[in-house]
Amino acid sequence: MIRDITLGQYFPGKSWVHRLDPRIKIIATLVYIAALFVAHDFLGILIAVGALAMVIAISRVPLSFMLRGLKPIFLIILFTFVLNLFMIPGKVMARIWILTITEEGLYMAFFMAARLILLIIGSSLLTLTTKPMSLTDGIESLLSPFRKLGVPAHELAMMMTIALRFIPTLLEETDKIMKAQQARGADFESGNIIRRAKSLIPILVPLFISAFRIAQELAMAMEARCYRGGKYRTRMNAMKLEARDFAALILMILFLAGMIAERILL
Numbered sequence: 001m002i003r004d005i006t007l008g009q010y011f012p013g014k015s016w017v018h019r020l021d022p023r024i025k026i027i028a029t030l031v032y033i034a035a036l037f038v039a040h041d042f043l044g045i046l047i048a049v050g051a052l053a054m055v056i057a058i059s060r061v062p063l064s065f066m067l068r069g070l071k072p073i074f075l076i077i078l079f080t081f082v083l084n085l086f087m088i089p090g091k092v093m094a095r096i097w098i099l100t101i102t103e104e105g106l107y108m109a110f111f112m113a114a115r116l117i118l119l120i121i122g123s124s125l126l127t128l129t130t131k132p133m134s135l136t137d138g139i140e141s142l143l144s145p146f147r148k149l150g151v152p153a154h155e156l157a158m159m160m161t162i163a164l165r166f167i168p169t170l171l172e173e174t175d176k177i178m179k180a181q182q183a184r185g186a187d188f189e190s191g192n193i194i195r196r197a198k199s200l201i202p203i204l205v206p207l208f209i210s211a212f213r214i215a216q217e218l219a220m221a222m223e224a225r226c227y228r229g230g231k232y233r234t235r236m237n238a239m240k241l242e243a244r245d246f247a248a249l250i251l252m253i254l255f256l257a258g259m260i261a262e263r264i265l266l
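Each residue of the sequence shown is one higher than the one before, counting from 1 in our numbering.
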């Protein structure tokens with residue numbers, strides 16, 4: 001399951017989506033998230049599914065690779081489904097002990113689960129098609145207008161990118177620690193959920209030690225390269241919007257306008 005987490009990973013490619021300006025992709029992700037919350041019925045969800053499927057097809061990122069990232073959060077999706085299934089009042093369909101299933105609850109359970117799945121896949125597509133350094137430059141550029149208000153744009157962008165970049169590294173370290181402890185007789189798979197959760201506690205101490213070691217090595221590497229923050233920093237490749245970026249921006253506006261129109265008119 002550790003290897004199934006795709007958040008923070010980059011899938012190399014030369015597709016149209018990969019070559020888009022990182023600022024456009026960040027804005028597109030935010031627009032898509034906003035559109036998911038604008039949707040209030042399954043017609044809106046179907047429109048969002050169609051748009052996401054088109055972008056995934058253009059990006060040439062394997063769908064199986066993206067769906068694999070849903071496995072680690074299956075319990076969260078299941079919890080969201082069950083919570084809406086039993087907590088929404090309405091027309092009663094069935095009773096299980098003190099719990100009641102309603103038509104409205106069943107509808108909302110599937111709707112919220114679908115929204116959560118699309119939210120995760122749409123967000124992961126940003127990191128899968130954008131290099132970490134490009135993502136840093138994009139976030140910094142979008143935050144730069146807020147510098148006059150005292151917002152440390154470069155520092156925030158660097159922290160966010162480092163956090164995303166080292167998710168796969170920490171997951172790999174976790175996998176190594178688990179395998180080493182399993183070789184010594186540790187059991188992480190048998191028993192109920194509570195017992196399995198308790199068996200993961202011994203992993204935390206070596207994982208924290210490994211995380212601090214990686215952070216120290218990163219800090220020393222940045223100091224050795226004379227890193228002094230964003231002030232007076234230049235870039236080898238300056239970001240420049242091209243025709244495909246403006247085309248993607250227009251498509252985003254049309255998509256969001258369509259989702260808003262669907263909510264208002266239908």
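Hints were generated in silico from the structure; no laboratory data involved.
This one's a predicted model, so the numbers in the text were calculated from it and none came from an experiment.
Do not take every clue at face value.
To be verified - Restricting the straight-line Cα-Cα distance to at most 30 angstroms, the calculated cross-link-like pairs of lysine-lysine (DSSO-like) are:
1) 198 to 14
2) 179 to 14
3) 240 to 71
4) 179 to 148
5) 14 to 71
6) 148 to 71
What the hints assert, rightly or not - Derived CB-CB ranges, DEER-like:
7) 77 to 97: 45 to 51 angstroms
8) 265 to 95: 45 to 51 angstroms
9) 91 to 182: 47 to 53 angstroms
10) 91 to 64: 36 to 42 angstroms
11) 192 to 77: 18 to 24 angstroms
12) 221 to 62: 30 to 36 angstroms
13) 87 to 185: 26 to 32 angstroms
14) 198 to 150: 40 to 46 angstroms
By construction, the Cβ of each residue, glycine as well, lies at the ideal position given by its N, Cα and C atoms.
Exercise for the section: Compare the structure with the hints numbered earlier in the document and write down the numbers of the violated ones, lowest to highest. Expected result: Numbers 1, 2, 3, 4, 6, 7, 8, 13, in rising order.
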